[in-house]
Structure formats: C-alpha cells, structure tokens
Amino acid sequence: MKAINKLKGISALTAIAIGASVSFSAMPSAAWAEKVLNIAPMGEPASMDPHYVSGTWENNIVGEMFLGLMTEDPKAEPILGAAESYNVSNDGRVYTFKIRDHKWSDGTPVTAADFEFSFQRLLDPASATEYAYLMYIIKNGEEVNTGKAKPEELAVKAIDDKTLEITLNEPAPYFLAALTHYTAYPVPKHVVEKHGKDWSKPDNIVVNGPYTLASWVPNATVKLVKNPEYFDKESLDLDTLVFHTQEDRVAIQKRFRAGEIDVARDFASDQIGWLQENLPAETKIAPYLGIYYYPMNTQIEPFNDIRVRKALSMAINREAIVNKVLKTGEIAAYSFVPPGIGNYDEPSYVSWKGMSYKERLDKAKELLAEAGFTKDNPLKFTLRYNTSENHKRVAIAAAGMWKQIGVEAELFNAEVKVHYADLKQADFQIARAAWIGDYNDPQNFLSLLEKRTGANNYGRYDNDKFNQLMMDAEKEGDIKKRAEIMAKAEAIAMEDQPIIPIYYYVSKNLVSQKVDGWVDNAQDIHRWRYISIKE
Amino acid sequence: MINIGANADRLAPLQAQTEIKGRSLWQDARARLLKNKAAVTAMILLSIITLMAILAPYLSQWALDDIDWEADFPGAPNAAHWFGTDNNGRDMFVRTLYGAQISLMVGILATSVSLVIGVTYGAVAGYFGGRVDNIMMRFVDIMYSLPFMFFVILLMVIFGRNIFLIFIALGAVEWLTMARIVRGQTMAVKKKEFIEAAQAGGVSNRTIIFRHIIPNILGPVIVYMTLTIPQVILTESFLSFLGLGVQEPLTSWGVLISEGAKQMETASWMLIYPAAFLAVTLFCFNFIGDGLRDALDPKDR
Amino acid sequence: MLSFLSKRFLSAIPTLLIVITISFFMMRAAPGGPFDKERNLPPEIEANILRAYNLDKPLVEQYIDYVGNLLVLDFGPSYKFRDFTVTDLIFEGFPASLQIGGMAIILAVLIGVSLGALAALKQNSGTDYAVMGIAMTGIAIPNFVMAPFLTLVFGVYLSWLPVAGWGEGSFYNKVLPVIALALPQIAYIARLTRGSMVEVLNSNYIRTARAKGLKEKLVVNRHALKGALLPVVSYLGPATAAVVTGSVVIETIFDVPGIGRYFVNGALNRDYPVVMGVVVFYATLIISLNLIVDVIYSFLDPKLKVS
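Protein chains in written order, with the UniProt record's numbering: chain C, 1 to 535; chain Z, 1 to 301; chain A, 1 to 307.
For the record, the hints were derived by calculation from the structure and aren't laboratory data.
Each residue gets a CB set at the ideal place from its N, CA and C atoms; glycine is no exception.
Each hint should be verified, as a subset may be incorrect.
[Stated by the list, open to error] Straight line, CA to CA, 20 Å or less: simulated EDC-like cross-link-like pairs of lysine to aspartate or glutamate:
id, chain 1, residue 1, chain 2, residue 2
1, C, 392, C, 472
2, C, 327, Z, 265
3, A, 37, C, 319
4, C, 424, A, 38
5, C, 403, Z, 70
6, C, 324, Z, 70
7, C, 451, A, 38
8, C, 201, A, 38
9, C, 403, Z, 133
10, C, 380, Z, 265
11, C, 324, Z, 72
12, A, 7, Z, 66
13, C, 451, A, 44
14, C, 424, A, 88
15, C, 392, Z, 66
16, C, 358, Z, 68
17, A, 37, C, 422
18, C, 324, Z, 133
19, C, 358, Z, 70
20, C, 380, Z, 133
21, C, 403, Z, 65
22, A, 37, C, 130
23, C, 197, A, 88
24, C, 157, C, 170
25, C, 150, A, 44
[Stated by the list, open to error] Cβ pair distances, simulated, as ranges:
id, chain 1, residue 1, chain 2, residue 2, range
26, A, 50, Z, 159, 44 to 52 Å
27, C, 357, A, 153, 53 to 61 Å
28, Z, 47, C, 404, 48 to 56 Å
29, A, 221, Z, 54, 48 to 56 Å
30, Z, 31, A, 202, 22 to 30 Å
31, A, 169, C, 107, 27 to 35 Å
32, Z, 192, A, 202, 25 to 33 Å
33, Z, 41, A, 203, 28 to 36 Å
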C-alpha cells in the first residue's frame with residue numbers, strides 16, 4: 001500500500017478538491033498481515049451461481065467457491081475434487097464416484113444427493129441455463145433439457161449418501177475433464193431449495209470450495225475469503241481474494257504498474273512492446289486452447305466453390321499477422337484444432353503449409369482465375385468482425401493481403417450481439433469467429449464443423465464423410481483409435497477449407513513478481529488456492 | 001460531452017440588436033471582422049486545414065488503407081511517414097487528413113441539419129406566437145430535459161455505424177438551442193413595419209417567414225452555427241470512444257484520438273497529431289464565432 | 001409558487017412516459033437479442049430462457065407489463081446480472097455516481113465562476129487571456145484523453161493517487177475522476193461567467209452603483225456577480241446532462257461503480273431492463289433538477305416572476 005506516499009502528494013490536490021460531501025475513510029492499513037491478492041479477471045460476473053455463468057472471467061471466481069467431482073491441479077490437469085475416488089465400467093459408460101467426506105460452508109455434509117440435484121437442476125428446462133448442453137453426454141441429458149424426459153430420468157443417481165453413479169451415452173474419454181467445468185459444480189440442495197433464485201446472494205450463499213463470497217459490489221469488486229469448512233484449508237496461503245471487475249484493459253495495466261493489481265488476466269496486446277521491455281518477468285504468454293478463424297458461408301456463391309475458399313485462405317500471411325500485427329506470441333494456424341491438445345496427436349494441417357508465401361499468392365491467383373475471378377471481374381465481399389481492437393487490426397491486415405490477389409474486401413464491424421445474431425442466421429459472407437476449448441479434447445473443436453451442430457457451425461459446412469467420421473469417433477472407446485479417426489476428419493476439413501484458420505490463441509497474463517505458484521497452462525485456468533504471495 | 005446551450009449565452013449581446021440596416025450592416029460587419037486579428041488568423045488556419053482535408057488523396061504517396069509492411073506497427077514519424085504509422089502500419093498523416101474530412105463533414109452537416117430544423121421551428125413558433133408558441137416551446141423544454149446522448153447512443157446501436165445517421169442524430173440534438181435563439185429573434189423582428197406591411201399586402205405566412213424573417217435573423221444564426229460545429233465534432237469523438245464511430249478503413253479525428261489515447265505512452269504520435277488538428281480546429285471555430293459576434297454587434301465592447 | 005410547482009410536476013409525467021415509450025421501442029428495434037452470443041444456444045434452450053423472462057410475449061404486452069411494474073418501482077430483472085435486479089443495480093450504483101457527479105458540478109461552479117469572474121475583472125489583460133486560453137484547451141481535450149493522462153501522471157508516475165478503483169469510497173479514489181469529469185465544465189462555466197460578467201460590468205446599474213461611490217468589492221460581489229450568475233444557473237441543467245454523459249467515460253476508466261456505464265454496456269448487451277432503468281432514472285433526475293434550477297433562477301432574478 002502506498003498510503004503514506006499518497007498522503008504526501010495529496011495535500012496540494014486537496015486544496016483544489018474542496019472537501020465537498022466527502023466520505024473520508026482512511027486507506028486500509030497494511031499493518032495486519034492479511035494476505036490479499038488483487039486480481040483483474042477482465043469482466044463483471046453475471047452471477048455467483050455456477051450454473052448461470054458462461055465466461056472465463058467468471059470461472060476465476062466461481063471456480064474457487066465450488067468444487068466439482070473433479071477439479072484442476074496447478075497445471076489445470078483434472079484431479080479428484082469433491083470425489084475421493086472413482087470407478088469406470090468396462091465399456092467406459094458408467095462412472096461411480098465416491099464423494100469425499102467434506103462439508104458445505106454452513107457445516108452441512110456434502111452428499112451424493114447434492115450432485116444428483118445439481119445435475120438435474122442444470123438440465124431442467126425450467127432452469128433456463130445457457131450452458132447445459134455441455135452435459136448432453138450424460139444419458140438422457142439432452143432429453144431432459146429439451147423437455148422430452150423428466151429431470152428425474154437423468155442418469156445421475158445417488159446410490160447412497162457418498163456414492164454417485166453417472167451413465168453416459170457414449171464412452172467419452174474427456175468426461176473426467178468435462179467434470180472440472182463449472183456446469184458440473186454442485187450447488188447446496190438445502191440452500192437452493194430454501195432461498196430459490198436468491199440463494200447465491202452474499203447473505204445466503206453456501207459453498208464447498210476453498211473460498212466463499214464475502215461481498216460483491218456490482219461493477220467494482222468481488223471479495224472472497226477462506227471457507228472455514230474447506231477440507232484442505234491448511235494448504236491455503238491467501239486469506240482474501242479481491243477481484244476487480246473493470247474491463248478497460250489500458251486502465252488495468254496502469255493499475256498493475258501502480259501495484260493496485262497483482263494479477264491481470266488477458267492484458268491489452270497493443271502495449272506488448274513496452275511490456276516486454278519494462279516488465280519482462282511479469283509478462284506471461286503461453287499457448288492457449290483456442291482458434292481464431294474466419295468461417296466462410298459455404299452455402300452461398302462464390303464461397304461454395306472450394307477454389308475460392310482455398311485461394312482466400314492461402315493469401316493470408318499468418319506469420320505477418322502474428323509477428324507484425326499482434327506481436328503477442330500467437331502462433332500462425334494451419335489447422336483447426338490447436339496443437340498440444342489432449343487425446344490427440346499432431347493436428348492435420350493444410351496441405352500447402354510448406355509452400356512459401358509467394359508461391360501461395362501465385363497459386364491463389366491461379367485458383368481465383370479458374371473460378372472466374374480476374375482483374376476485370378474481381379471477387380468482392382464483406383468481411384465482418386465484432387468490435388474489438390484486435391479483430392479490427394486482423395481484419396485490416398487480411399483485407400490488405402487479399403488486395404494483393406485482386407480481391408476487394410469491404411470491412412464491416414458490428415457489436416458482438418449483432419455479429420453473432422447474424423452468424424447464427426448464416427447472414428454473412430466471411431466473418432470473424434473464434435473458439436476457446438471448453439475442455440481439453442479435439443472433439444470440442446471439430447464438432448463445430450459438423451452439420452448436426454447447427455448454428456455454431458457458422459459457415460454451414462456439410463461434408464458427409466466428415467460428418468460420418470465424427471460420429472464414428474464418438475462411439476470409439478479406444479483413445480488412440482478415436483484420435484486417428486478425428487485426425488482423418490480434420491484432414492478432410494482442411495482440404496475443403498470451409499474456414500480460414502488464422503492463429504492459435506495464447507493466454508496473456510501480467511503476474512506480479514511477489515506471486516508464487518503461477519503455472520502457465522494451455523487452458524489458462526489458474527486456481528488461486530495454489531497461489532501464495534511473498535512479501 | 002454534449003453541452004446543449006453551453007454557447008447560447010455567448011449570443012446574449014446579439015439578442016438586442018436586430019436593427020435592419022440592409023446591406024451596409026453586412027459590409028460593416030465584414031470590415032470589423034477583417035480587423036479582428038484572431039478571427040482572421042483562425043479563418044486562414046481553418047481554410048488550410050479544410051484544403052488539406054479535401055486534397056488528402058494528393059498530399060501523400062499513401063492511400064487511406066495502404067499498409068506499409070516495411071514500417072513498424074506502430075512506427076514513429078520518419079521521412080516516409082511524417083506523422084508515423086498506426087498499429088496496422090498505415091500512414092498517420094494521410095489518415096489524419098482523411099479524419100479531418102469526416103470530422104469536418106460531420107460537424108458541418110450535422111450543424112446544417114440542426115439549422116434547418118431549428119430555424120424553421122423557431123421562426124414558426126416566434127412568428128405565430130401565442131398558443132402555438134407556447135406549445136412548441138414547451139416541447140423544446142421537454143426535449144431539453146431528456147438524456148439526449150442516450151438516445152443518440154441507442155440510435156447508433158440500432159442502426160449500426162452509419163455516417164449519415166451520425167449527422168442526423170447529432171443535428172437532432174443540437175437544434176433545440178437554435179430554435180430558442182431563432183424564436184427570440186423572430187419575436188423581435190415580426191413587430192417591424194415591413195413585416196406588418198407584407199401582412200397587410202396579403203403575402204402568405206410561409207413567404208413572410210422564409211423571405212422576410214429568416215434573412216433578417218441570419219446574424220445570430222451564423223454565429224451560433226460556428227459554435228455548434230466544434231460541439232458536434234467533439235460529440236462525434238465521444239461516440240468513437242464508445243466504439244460507435246465510422247467503419248474502417250474510414251476514420252475520423254475522434255476514432256484516431258481514441259485509438260491514440262490508449263497508447264499515449266508508447267506511441268504518442270498516434271495521439272498528438274490528430275489531437276492537435278482537432279484542438280486547432282476547435283480554437284479556430286471559436287475565434288471565428290467570437291469574431292463574428294463582435295463584428296455583428298455594433299456596440300463597442 | 002405552489003401551483004407552478006404542481007403544474008411542472010404534472011407535466012413531468014407525460015414527459016417521462018414519452019421517454020419510456022421511445023426508449024422501450026427503440027431498444028427492441030435493435031438487431032440482436034440479449035441471448036445472442038459467441039456460442040449459439042440450442043433453440044430449445046433459447047426458448048426456455050426467453051420464456052423465463054417473458055420475452056416470448058407480444059411486444060405490446062411486454063410494454064404494458066413494463067409500465068405497470070414501473071408504477072410500483074419495479075424495474076425488472078437484468079438479463080446479464082442474474083443476482084441483482086435492475087432496482088438493486090441502480091440503487092447500489094447511484095450513490096457513487098451522485099458523489100462523483102455532484103462533486104464535479106460543485107467544483108466546476110466554484111472554480112469556473114471564480115476564474116470567469118477573475119478574467120472579466122481583468123478584461124483583456126494577460127490574466128484574462130491565460131484563463132480563457134486554458135478554458136479553450138479544457139474544452140478541446142476530450143475527457144477520454146484527459147482521464148488516462150491524469151491516471152498516468154498522478155497514479156503511475158507520481159504514485160500520489162490510486163490509478164482507478166473505488167477503494168470502498170475512499171476520498172483518494174475520488175479525486176481524479178472528479179477532476180476529469182469537472183474539467184470541461186469548469187471551462188464552459190468560466191467562459192459563460194466571463195461573458196455575462198463583462199456584460200453586467202458595462203451595464204447601467206453597475207455604473208450607477210459605482211457612481212454612488214460603493215466599494216468596488218461590494219459592487220462586484222453584491223451586484224455584478226449576482227447578475228452574472230444567472231446564465232450559469234440556467235446552464236446547470238445542461239451541465240448535469242453533460243456530467244451524466246461524461247460519467248459513462250469516467251466511470252469506465254476509473255472503475256467507479258456508478259450507473260453511467262450500465263447504460264452503454266446494457267445497450268450493447270441488449271439488457272433491455274438495465275438500459276430502460278438507467279434512462280428512466282436519469283430522465284427523472286434531470287427533470288427534477290431542471291425544476292430546482294427554475295426555482296433557484298426565480299430567486300436570483302427578481303424580474304422573472306414565476307407564474
């Protein structure tokens with residue numbers, strides 16, 4: 001705290017600032033050895049109820065209050081959480097969990113019934129949760145959520161107080177990882193039934209994770225403190241977590257420099273040069289499970305022509321975009337699935353990955369000419385992107401690159417709601433899109449190109465062979481074979497090029513040097529329970 | 001940001017003065033204006049800026065959307081890029097000039113919209129007086145009390161960033177004060193003999209308003225216009241900051257400044273040049289406005 | 001006076017109704033809905049959600065419901081912030097906005113009037129030009145440039161004040177946002193005051209007062225300043241509106257938990273009840289303030305009789 005320092009400087013300003021109606025509360029004193037971590041998650045949480053959040057910034061907060069059957073270790077690998085052990089049936093479809101002996105923060109034991117209740121609540125159509133479909137892998141999950149089955153028919157059953165059985169539709173090797181997701185967190189049955197929708201307010205909330213909600217000032221701060229009932233509370237170093245929900249990245253960066261923020265998630269990339277020069281140790285960049293891509297509307301002219309799609313993709317100089325425009329360590333993308341993903345080998349890259357950029361430009365011109373687009377009849381279309389500094393910069397660069405092969409791309413940006421509403425209706429030619437993995441598995445990415453995915457398959461790509469392979473992979477219990485099938489599917493998609501992969505995301509964090517225990521990982525999930533601070 | 005009525009009071013001295021002296025008034029005014037050094041300097045500067053904006057395509061080897069892949073992203077000013085390059089390696093000099101085009105156009109067109117609505121509305125209210133006037137001005141009062149900027153933002157959200165909409169929306173905000181001023185002036189003018197003569201001669205109300213009244217209240221209207229233009233330019237920059245500005249690759253000073261503000265420490269040229277152009281332009285309009293007011297006001301102040 | 005007040009009060013109701021109606025239908029005309037996002041929802045789930053918020057009803061019915069709920073001060077739920085109602089958000093956020101905005105206006109009037117009066121008294125001197133030059137600059141620098149500049153200098157370089165944040169309402173956290181919000185208003189008010197003060201100083205009654213041999217200080221304080229304040233008072237209405245709009249920027253940059261930023265975010269998120277709530281709330285506020293300004297005006301200006 002810089003209280004004293006600030007006090008000195010302020011005297012001059014107080015004169016100007018006239019004492020009009022000021023609440024003169026003192027700066028918090030630094031004498032007491034409370035260990036506080038100030039975190040900027042880059043967004044205001046929509047709720048403290050894990051079934052009603054949908055953003056990575058919210059996961060920073062609710063992920064510390066609730067413990068799913070599985071949770072993450074410092075590297076974000078799945079480890080046992082609220083379950084102390086589990087068994088999988090031979091066909092890989094039935095999971096039996098033994099619930100750990102632990103309590104809700106009000107002292108009530110956590111039981112299998114809480115989990116049964118939570119999964120039913122998540123999928124109950126009356127709950128109107130947005131993210132329920134992530135649990136469609138559970139038997140009857142989709143049926144319950146779409147009103148074709150009753151919540152009680154969901155295949156999540158409490159055998160006794162401490163035993164929970166979950167049956168899946170297919171053997172899903174990513175299921176344990178999916179259980180670390182916040183949709184799979186338990187909510188306290190007794191409290192939810194008592195308070196209804198208000199259960200997650202600061203006065204009512206009851207949690208089973210390491211930290212519990214102390215206060216929430218909307219548009220300012222969320223404060224978490226140690227949960228006295230947490231089963232492993234001795235391991236916690238931090239007493240208090242303060243989340244500053246401000247979204248202005250430039251301002252957050254200044255607050256970080258001033259020492260007001262210890263960890264800033266997802267910093268602004270336009271300052272990267274300065275950061276690397278001045279705060280090299282604090283600037284953490286790591287590969288992240290996400291793909292930035294431009295889907296093309298494959299159902300309309302001229303994007304139903306594979307030659308046009310290929311030409312447009314080949315003309316993008318991905319190295320220039322990542323090295324010159326973005327400069328934050330993003331990796332040029334030549335596949336749809338990011339490399340380094342779990343349950344998968346190397347992704348299937350586009351066949352022309354090895355060509356030089358010059359060769360690619362020539363080839364692209366050739367392909368366009370074959371498709372009937374020449375100097376006199378140039379290809380013209382609108383490239384849409386949602387409002388954001390980075391999306392704008394990538395779009396400007398892409399349009400500049402296309403100009404080299406005689407393509408005229410008009411830029412059109414709209415705010416995020418309009419952008420995605422139009423994508424949903426397939427009302428676009430080429431647009432900016434991105435996908436961040438929900439869990440560490442290629443299926444989560446490749447399913448976006450399946451016909452049955454519907455609206456999230458923005459470009460309405462539809463290839464029978466691809467669709468079939470994806471369904472085969474789903475039924476395959478052997479992880480290695482499953483990976484091979486999906487790699488084949490991806491190879492087909494890369495040949496068809498319904499989307500232009502641009503770059504694989506990186507996570508960008510500013511972490512103060514006093515923070516210990518930070519481990520960069522591909523999912524960019526950092527549980528504060530493993531973090532400590534040295535003074 | 002929006003300061004409806006902030007400038008209205010600067011016209012106070014003008015309200016009293018509506019003597020019609022025919023052509024000589026304007027000649028005198030011009031002479032007085034030309035003696036005002038600040039105003040003359042401002043007019044010259046503004047002409048230069050306007051000319052540069054119009055000639056933008058010919059003043060630089062770079063086009064608005066040219067990316068110089070050799071340059072730094074962003075790069076400091078050098079021989080190839082006089083004002084440096086932006087985050088995308090585009091020339092800041094040419095972008096500042098194109099920004100001038102949009103900003104000046106928004107300023108002038110939106111002000112014209114406010115002029116058309118405000119003058120017509122104010123003249124009608126002032127001319128007919130009585131109940132019509134009461135109702136019409138009560139409506140203006142009501143409009144004054146609305147959080148107007150919010151409606152402009154809503155409009156932009158609904159229709160996307162359409163540049164014509166910006167003109168209309170901002171014009172629609174600024175006409176209120178114009179209407180008030182014109183109404184006051186009209187009330188004063190309509191009691192003059194020549195209006196009564198025209199009325200007696202059976203000239204239609206419409207003709208009287210447009211032929212006789214409006215030409216006689218142009219002085220304050222012009223002054224107010226010069227004060228409204230900078231107001232509108234600033235408001236456009238506010239919209240740009242909220243991400244509701246013009247579409248790429250078009251740009252405006254507002255867009256450039258809000259981008260530059262994010263990098264004031266790391267790429268100061270991205271902020272300084274457009275901000276300097278904006279500031280100089282605003283200064284110019286204000287000096288011209290003040291000069292015009294003094295010139296049209298025969299009282300020696 | 002009483003009949004004047006009640007008349008104005010009554011006329012506020014149709015004004016508000018117009019505001020509500022326009023913003024309700026404008027908001028709904030915007031493309032994209034509150035639940036459109038990067039990850040499209042399966043149609044069944046979207047239908048569930050729309051039903052849960054009564055968004056599947058005909059628009060007119062929703063409108064009638066909304067107005068009905070307003071009568072009992074129920075602004076409805078927020079689609080984005082599930083744990084708070086719009087009423088919660090407004091009443092939690094308003095104190096912060098009020099403090100920042102109120103202090104900014106007080107500061108603007110005090111400093112603006114002093115500077116303006118100073119410039120007028122020293123008309124055409126160096127002081128005059130300096131004050132007016134600074135005022136012009138204050139107007140020409142947008143506050144989204146001024147605010148980050150202030151944080152950089154006082155927060156990062158000098159470490160005198162917090163860069164941003166609310167610090168549970170600490171005084172230090174308010175200094176920079178208040179200054180940033182007040183600066184353009186100081187400039188406007190200084191110019192207004194100078195203009196009208198010059199006018200008043202040249203007028204007959206001041207000449208008379210001086211001729212009577214009244215002390216200069218008395219002339220200035222008692223007569224000139226009072227006359228010069230009239231346009232400042234009538235500018236307070238628009239100033240409030242400007243501060244409200246300006247707070248959208250200031251609250252974002254300084255992370256002030258006020259309601260200004262709900263408006264823009266709400267509009268972009270299509271969080272209809274939040275947008276409506278902020279508009280209705282601010283419209284009410286501005287209408288009431290205008291009323292107060294009218295009353296003050298009538299006290300200051302004896303010529304103007306409230307009718």
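Subject >> Indices of hints not satisfied (ascending) >> reply: The structure breaks hints 1, 3, 8, 9, 10, 12, 14, 18, 20, 26, 27, 28; every other hint is satisfied.
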